[in-house]
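Trainee: One letter stands for each residue in the lines below.
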Amino acid sequence: MSMKDYADRISQTILDQEAAIAAEWLAQLEALLVRSNAAAREQLRSHCQQFLKAFAGATRSGELENIEHRSWDEVRDLLSEISATRARSGSTPAETATFVFSLKQPLFSRLRDAFTGDADGLASASWTINTLIDKLGLFTITVFQKTKDQIIVRQQQELLELSTPVVKLWDGILALPLIGTLDSARTQVVMENILQKIVDTGAIIAIIDITGVPTVDTLVAQHLMKTIAAARLMGADCIISGIRPQIAQTIVHLGVNLEDVITKATLADAFVVALERTGATIAAKRTA
Amino acid sequence: MERIPILRMGDLLLVTIQVDMHDRLAMQLQDDLTARIVSDNAKGVLIDISALDLVDSFIGRMISNTAAMARVLDARTVVVGMQPAVAITLVELGLTLHGVKTALNVEKGMALLGKNFQ
Chain A
1 MSMKDYADRI SQTILDQEAA IAAEWLAQLE ALLVRSNAAA REQLRSHCQQ
51 FLKAFAGATR SGELENIEHR SWDEVRDLLS EISATRARSG STPAETATFV
101 FSLKQPLFSR LRDAFTGDAD GLASASWTIN TLIDKLGLFT ITVFQKTKDQ
151 IIVRQQQELL ELSTPVVKLW DGILALPLIG TLDSARTQVV MENILQKIVD
201 TGAIIAIIDI TGVPTVDTLV AQHLMKTIAA ARLMGADCII SGIRPQIAQT
251 IVHLGVNLED VITKATLADA FVVALERTGA TIAAKRTA
Chain B
289 MERIPILRMG DLLLVTIQVD MHDRLAMQLQ DDLTARIVSD NAKGVLIDIS
339 ALDLVDSFIG RMISNTAAMA RVLDARTVVV GMQPAVAITL VELGLTLHGV
389 KTALNVEKGM ALLGKNFQ
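Residue numbers (our numbering), protein chains in the order written: chain A, 1 to 288; chain B, 289 to 406.
No lab work stands behind these hints, which were simulated from the structure alone.
These numbers were taken from a predicted model, which means no experiment stands behind them.
Here a beta-carbon is modelled for each residue, glycine too, at the ideal position from N, C-alpha and C.
Be aware that one or more of the hints could be misleading.
Here are the simulated distance ranges between beta carbons [as the list claims (entries may be wrong)]:
#1 A:Gln188 to B:Ala356: 26 to 34 Å
#2 A:Gly180 to B:His310: 27 to 35 Å
#3 B:Gly382 to A:Thr215: 44 to 52 Å
#4 A:Ala248 to B:Met297: 30 to 38 Å
#5 A:Gln157 to B:Met297: 44 to 52 Å
#6 A:Ala268 to B:Leu342: 35 to 43 Å
#7 B:Ser345 to A:Asp217: 24 to 32 Å
#8 B:Leu342 to A:Asp217: 46 to 54 Å
#9 A:Glu259 to B:Met357: 24 to 32 Å
#10 A:Glu259 to B:Arg312: 46 to 54 Å
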């Protein structure tokens with residue numbers, strides 16, 4: 001019996017038994033469903049039916065070894081959609097892969113019935129279906145991962161946008177409250193923002209507040225120093241404020257040299273220094 | 289051959305770079321400026337680079353060196369009007385103009401030089 005004949009028989013079996021396979025498969029999937037509610041079950045059912053229909057259609061082409069073939073387009077599209085939906089709704093990779101892999105058992109039991117008394121045929125058919133489902137499973141995971149990656153990239157961009165405000169505190173005084181870890185990409189954005197703001201406002205002093213920076217390692221310190229050096233080249237001095245006790249300890253232990261920079265414990269202290277530099281003072285209002 | 293003009297204001301020398309710096313122009317400026325500082329007995333040099341919007345490592349080093357040379361000749365040097373993009377480039381190149389004063393614009397640079405004389 002040739003490969004094509006096997007494919008035909010497999011395809012025929014699936015087409016004949018579509019309803020039964022669907023029922024058995026769905027029962028299995030529902031048993032595994034973590035968040036069992038009406039909406040989730042309904043979505044699962046519609047996914048199952050759509051997938052099985054497309055799957056049965058695709059097997060009819062006889063291309064059971066190459067899922068990149070044109071006849072599998074519909075199946076791949078559908079799987080991409082299901083996988084992407086699951087990635088966005090927070091399913092685990094295992095849950096997503098199980099969707100495809102759990103189809104094996106119902107298929108195998110139908111094949112066993114169809115190939116009764118033909119051990120060789122059953123073995124070949126099982127192997128074919130096994131590889132096919134594995135390929136589809138891998139495809140699902142690939143799409144799942146891709147969707148997750150896209151989500152991560154999008155979130156990174158959003159973070160970059162919202163995390164680097166430069167505020168003007170007084171004439172000639174800027175403040176840059178940093179929140180979160182400084183990596184190279186963020187440093188670049190921070191640097192560009194603060195330098196542009198220095199030009200716009202004609203500031204002569206900028207306070208970089210690192211209260212919101214969780215840890216300062218040598219790399220973060222280096223990024224800070226770069227920002228300060230760039231600001232100095234533009235004619236503005238920088239003060240680092242908001243240094244927490246642990247951070248002070250870390251900086252000294254790491255041997256980071258902050259000697260050329262004015263450092264203050266709190267933003268308030270830094271502001272007083274900045275005011276002195278610009279020639280302004282703060283005095284309590286005299287009550288007569 | 290084109291040159292960057294060096295203007296004299298009292299005992300200050302004012303250098304405004306208004307054209308694209310190329311290597312030979314930068315070398316010429318170094319020669320001219322050092323010569324003028326000595327001949328005019330200048331006490332201060334103000335280099336305005338606000339029109340300079342891109343630098344390479346050579347020009348960056350020339351600015352840094354020119355400023356350092358002026359300082360060695362006992363003229364207080366202020367580099368003013370550096371563009372953000374230029375500042376970032378210089379920092380990435382590791383040229384932080386150590387020991388050279390900087391200011392945002394000519395006005396502030398003048399104030400800085402004036403203050404230093406008193």
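Trainee: Hint by hint, note whether the structure agrees.
Mentor: Hint by hint, here is what the structure shows:
A hinted range of 26 to 34 Å for the beta carbons of Gln188 of chain A and Ala356 of chain B is consistent with their spacing of about 28 Å. At roughly 42 Å, the beta carbons of Gly180 of chain A and His310 of chain B sit outside the given window of 27 to 35 Å. At roughly 25 Å, the beta carbons of Gly382 of chain B and Thr215 of chain A sit outside the given window of 44 to 52 Å. Between Ala248 of chain A and Met297 of chain B the beta carbons are some 46 Å apart, a value that contradicts the proposed interval 30 to 38 Å.
The beta-carbon spacing between Gln157 of chain A and Met297 of chain B, approximately 49 Å, falls within the hinted interval of 44 to 52 Å. The hinted range of 35 to 43 Å is satisfied by Ala268 of chain A and Leu342 of chain B, whose Cβ atoms lie roughly 40 Å apart. A beta carbon spacing of about 28 Å between Ser345 of chain B and Asp217 of chain A agrees with the range 24 to 32 Å that was offered as a hint. Between Leu342 of chain B and Asp217 of chain A the beta carbon distance is about 33 Å. The supplied range of 46 to 54 Å is therefore violated.
The hint said 24 to 32 Å for the Cβ distance between Glu259 of chain A and Met357 of chain B, and at roughly 26 Å that hint holds. Take Glu259 of chain A and Arg312 of chain B: their Cβ atoms lie about 39 Å apart, and the range 46 to 54 Å is violated.
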